[in-house]
Amino acid sequence: MPTRSLPNIAISGTPGVGKSTLCKNLSSALPSLTIIDIGAEAKTHSYRTEYDESLSCWVIDEEKLAKKLTPSLQQEGGKIIDYMHAAIWPAAAPVDLVVTVRCTNTTILWDRYKERNYKAKKVEQNIDCEIMGDIEGENREWFGMEDGVEEGTAAWAVLESGSDEEMEANVKKIVEWVEKWKQKREEVGESEEMDVVPFGADGADGERRKVTQGESDDDDEEDDREAGNEEQEWSGFSEDER
0 MPTRSLPNIA
10 ISGTPGVGKS
20 TLCKNLSSAL
30 PSLTIIDIGA
40 EAKTHSYRTE
50 YDESLSCWVI
60 DEEKLAKKLT
70 PSLQQEGGKI
80 IDYMHAAIWP
90 AAAPVDLVVT
100 VRCTNTTILW
110 DRYKERNYKA
120 KKVEQNIDCE
130 IMGDIEGENR
140 EWFGMEDGVE
150 EGTAAWAVLE
160 SGSDEEMEAN
170 VKKIVEWVEK
180 WKQKREEVGE
190 SEEMDVVPFG
200 ADGADGERRK
210 VTQGESDDDD
220 EEDDREAGNE
230 EQEWSGFSED
240 ER
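FYI, numbering that gives the first Met the number 0 numbers position 7 of the sequence shown as 6, with every residue one higher than the one before it.
Please note: incorrect hints may appear among the correct ones.
No more than 30 Å apart at the CA atoms, straight line, and that leaves these computed lysine-lysine pairs for DSS-like [stated by the list, open to error]:
| hint | residue 1 | residue 2 |
| --- | --- | --- |
| 1 | K42 | K118 |
| 2 | K23 | K181 |
| 3 | K23 | K120 |
| 4 | K171 | K183 |
| 5 | K181 | K66 |
| 6 | K183 | K66 |
| 7 | K63 | K171 |
| 8 | K23 | K172 |
| 9 | K181 | K67 |
| 10 | K67 | K23 |
| 11 | K181 | K171 |
| 12 | K171 | K23 |
| 13 | K179 | K121 |
| 14 | K23 | K113 |
| 15 | K183 | K113 |
| 16 | K42 | K67 |
| 17 | K23 | K179 |
| 18 | K42 | K63 |
| 19 | K42 | K120 |
| 20 | K172 | K183 |
| 21 | K66 | K113 |
| 22 | K63 | K23 |
| 23 | K121 | K23 |
| 24 | K179 | K42 |
| 25 | K42 | K183 |
| 26 | K66 | K179 |
| 27 | K113 | K63 |
Worth flagging that the hints you see were computed from the coordinates, not collected in a lab.
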C-alpha cells in the first residue's frame, strides 16, 4: 500500500459554526488537499436512509459511508473531511488531525440560523448542542482524548470561529501544522512509522499513537472503535446546512 505524503484532517462542529467555510479556506491555502463533503457523498452514493421532517435533514448511514471512504484516506491522504462530527471513522482510517470548530457566542449562531430559516426545534437543538459542547465531547471520546487522558488516537485542536479574524487565524494554524507534518514525514522516511505531529507550538492540544500508514498498530483498539460504531445512524445535513 502506498505511503501517504499528505495528512488527513477532520473538520467538525455544530451546524453554523463555520466548519465548511474553514474547509474551503483551508483548501484554497493548500490546493494539494481535497475536501470530502460527507453530506454530498451520502447523497451521491445513496447513503441517506430517511428524511427527518422535524429537523429538516437527512439521516446518513455513517458506518457504511466511512467504510467506503476509508481506502482513499489510507492510500491517498490529503483529505479535508467536512462533517458535523468525526466519530464515524474506524481505527483503520488514518485521521491525523481532528479539529472541532466552536462558536461559543450563541448570538452569532442565532443570527446564522435565522438567515438559514431553521425551524424553532432545529435552532434549539443546535444551540443546546453548542452550549454543551456535544460535538467536542463525542470527538474526544471517540479518539481517546477524554479528560485525564494524555494520549489519544489523533492530534487535536479546538478552534473558536466567531469572527473573520479568528477564521483567518485558524487557517494559518492548520497550514503551519500541515507543513510540520510533511517535514516529519520526510524525516522518518516513506516506509517508517510516524509519531504524532502535535497541534500548537507546545503540543498541548493532543497527541497521536504511532500508526503505520494505512493500518492500525493495535487490533484491540480497532475492535473497540468498531464496536462503538455498530449500526449507528446520525442526522446528516441538508444541502443548505453545510
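Verification of the hints:
{"no.": "1", "hint": "K42 <-> K118", "result": "holds (22 Å)"}
{"no.": "2", "hint": "K23 <-> K181", "result": "holds (21 Å)"}
{"no.": "3", "hint": "K23 <-> K120", "result": "holds (29 Å)"}
{"no.": "4", "hint": "K171 <-> K183", "result": "holds (19 Å)"}
{"no.": "5", "hint": "K181 <-> K66", "result": "holds (26 Å)"}
{"no.": "6", "hint": "K183 <-> K66", "result": "holds (28 Å)"}
{"no.": "7", "hint": "K63 <-> K171", "result": "violated (33 Å)"}
{"no.": "8", "hint": "K23 <-> K172", "result": "holds (15 Å)"}
{"no.": "9", "hint": "K181 <-> K67", "result": "holds (26 Å)"}
{"no.": "10", "hint": "K67 <-> K23", "result": "holds (23 Å)"}
{"no.": "11", "hint": "K181 <-> K171", "result": "holds (16 Å)"}
{"no.": "12", "hint": "K171 <-> K23", "result": "holds (13 Å)"}
{"no.": "13", "hint": "K179 <-> K121", "result": "violated (39 Å)"}
{"no.": "14", "hint": "K23 <-> K113", "result": "holds (23 Å)"}
{"no.": "15", "hint": "K183 <-> K113", "result": "violated (44 Å)"}
{"no.": "16", "hint": "K42 <-> K67", "result": "holds (14 Å)"}
{"no.": "17", "hint": "K23 <-> K179", "result": "holds (21 Å)"}
{"no.": "18", "hint": "K42 <-> K63", "result": "holds (13 Å)"}
{"no.": "19", "hint": "K42 <-> K120", "result": "holds (24 Å)"}
{"no.": "20", "hint": "K172 <-> K183", "result": "holds (17 Å)"}
{"no.": "21", "hint": "K66 <-> K113", "result": "violated (35 Å)"}
{"no.": "22", "hint": "K63 <-> K23", "result": "holds (25 Å)"}
{"no.": "23", "hint": "K121 <-> K23", "result": "holds (25 Å)"}
{"no.": "24", "hint": "K179 <-> K42", "result": "violated (35 Å)"}
{"no.": "25", "hint": "K42 <-> K183", "result": "violated (36 Å)"}
{"no.": "26", "hint": "K66 <-> K179", "result": "holds (28 Å)"}
{"no.": "27", "hint": "K113 <-> K63", "result": "violated (33 Å)"}
The structure shown violates the earlier hints numbered 7, 13, 15, 21, 24, 25 and 27.
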